[in-house]
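Asker: Protein chains in written order, with our numbering: chain A, 1 to 261; chain B, 1 to 267.
Don't read these hints as lab results, they were simulated from the structure. Any given hint might turn out to be false.
Some, not all, of what chain A presents toward chain B, calculated at C-beta under 10 Å [to be verified]: (1) PHE30; (2) LEU34; (3) THR50; (4) ASP59; (5) GLY137; (6) ARG175; (7) MET181; (8) SER185; (9) TRP200; (10) GLY233; (11) ARG254.
Model, not experiment: these values are computed from the prediction. Note that CB positions come from ideal geometry on N, CA and C, so glycine has one too.
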Amino acid sequence: MRVLRLLFVFVRVGVMSELAYRANFFVQLFESLLELGTALAGMAVIFSHTATLGGWRPDEILALVGVYFLVGGAIRLLIQPSMEQLIESVHEGTLDFTLTKPEDAQLLVSLQRVEIWKLTDIVLGFGVLAVALARLGTRVGVRQATAFAAALLAGGVIVYSFWLILATLSFWFIRVENILMIFQSMYEAGRWPVSLYPGWLRFFMTFLIPVAFATTVPAQALAGRLTWPTLLGAGALAGVLFVASRLFWRAGIRHYSGASA
Amino acid sequence: MKELRDIYVQQFKTSFASMLQYRAALVIWLIGHILEPLISLVVWSAVSRSSGGSVGGFSAADFAAYFLVLMLVNHATYTWVMFTYEYQVRQGTLSSVLLRPLHPIHSDIADNVSSKLITLPGVLFVAAILMVVFRPAFHFVPWAMAAFLPALFLAFIVRFLVEWTLALAAFWTTRVSAVNQVYFVAALFLSGQIAPLSLLPFPVRLASAILPFRWTVAFPVELFLGRLTPVQALTGMAAQSAWLILSLVLLRFVWRAGVKVYSAVGA
């Protein structure tokens, strides 16, 4: 509950600061639509030459595109801006102000900036998912929907913990934002099923930069081709990473000296 | 001429030194340039496998060859002037550039070439690894190999001039990112980056041939792979030359008009 209340406060601040730049909304909407159009046109080109791609039917790939936009939107809405702000405040020494607040510091830094117009990606993602669901039709039952929600939650937690670990590195190193940029550009590879990639690359995308859990696994759940071990593995990885990132964050805080403040 | 050469020598020294300071940024660019063709390569290989080994005359090994050469050609011809001009015009730092007694395009060319020279070993290293992993099939045609270098050089110049002219949009609007985005999406499909042009529908192919896109990326790639006839190669180079002249004229015109409306806001 506390999380939701805090999130609501930060969303309100985000809305208030962005309402001053309303034209940005249309620019953002235009760019999101363009990106979606690109993804769909790319799909159209590919499926004009084949009926299935690595065993995935067009509607299933469409669901994957929806998940890709949804998760990517969540990253750009909340995780990326907050983590970039964290890195900056470690550099500037302004993290002091956050640490003195009577609330869990990790919670505060994780919600501290909301780029509200990125909601367009999330809305588009839901739209694409809805279309994909309608076309997949009766094949999606309650079980698939539950598995999808669980996989999406696990994927979200994995991505968040991963970003937090990277951003926490800024307590020791200076140029961490470059690593974040690299992760952000690698996320693009998650637009296609990871099963297409050769073994070593798949391993890389599953464990080193966990885009596989963020996009492929939830889409697999919708298509009803998710096995229990994968789902449990995703849940376990999410739990482990969440605890690890928490411990790492605490170690970082202990190391923080607020030198430049 | 000698004067210009001296200026370039000096400019290269400066650019080289300053680019070496931004190694991390160069690595990020590099990853983007490797990732996109790699994704396309993986996806199209899967397509060719699931449709019996070949799609529109491309086997998995042909796709590997296409996208690996595309990666190298794209690296040789890309520019990022859109981003620098947006920043320089918005921040007003362009004013100091305008005060120099030399057209700013020269320092941009030097910057561009130095950054590529610095990242070239990285690109070649990655290309060598990918070559081992994906086992591309090359059919070398001697005359086409000979024609490849001039075609690549023309492609670089045309792309540079076109994108440099487009970057000047920053003089008229502060929302350049939307303009750039449109251009990038067009380039993705029309210059053969998302798929070989022969696999795209006819209207797209037509647009890519009329606009400069095909001539800046896809044409040198197809030439290198020996997929063109001598007549097609000559027509392509003629198209490149035509775009070279046209873009030079456009650039001159747009630059003059742009500098007139530039008001150095924020400087």
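Asker: Work down the list of hints and note, for each, if the structure agrees.
Answerer: Each hint tested on the structure:
For A:PHE30, the interface hint holds, since its Cβ comes within 10 Å of a Cβ in chain B; the closest pair sits about 6 Å apart. The closest approach between the C-beta of A:LEU34 and any C-beta of chain B is roughly 6 Å, which is under the 10 Å cut-off, so the hint is satisfied. At its closest, the beta carbon of A:THR50 sits 5 Å from a beta carbon of chain B; the interface hint therefore holds under the 10 Å criterion. Because the closest C-beta pair between A:ASP59 and chain B is about 16 Å apart, greater than 10 Å, the hint is violated.
Hint status for A:GLY137 relative to chain B: violated, with the closest Cβ pair at about 23 Å, above 10 Å. Here the hint on A:ARG175 is kept, as its CB sits about 6 Å from the closest CB of chain B, short of 10 Å. For the restraint placing A:MET181 at the interface with chain B, the shortest Cβ-Cβ distance is roughly 5 Å, inside the 10 Å limit, so the hint holds. Taking 10 Å as the C-beta cut-off, the interface hint given for A:SER185 holds, the closest approach to chain B being about 5 Å.
Residue-level restraint check for A:TRP200 holds (minimum Cβ-Cβ distance to chain B is 8 Å; threshold 10 Å). Taking 10 Å as the C-beta contact cut-off toward chain B, the hint placing A:GLY233 at the interface is violated, the least distance being around 23 Å. Residue-level restraint check for A:ARG254 is violated (minimum Cβ-Cβ distance to chain B is 27 Å; threshold 10 Å).
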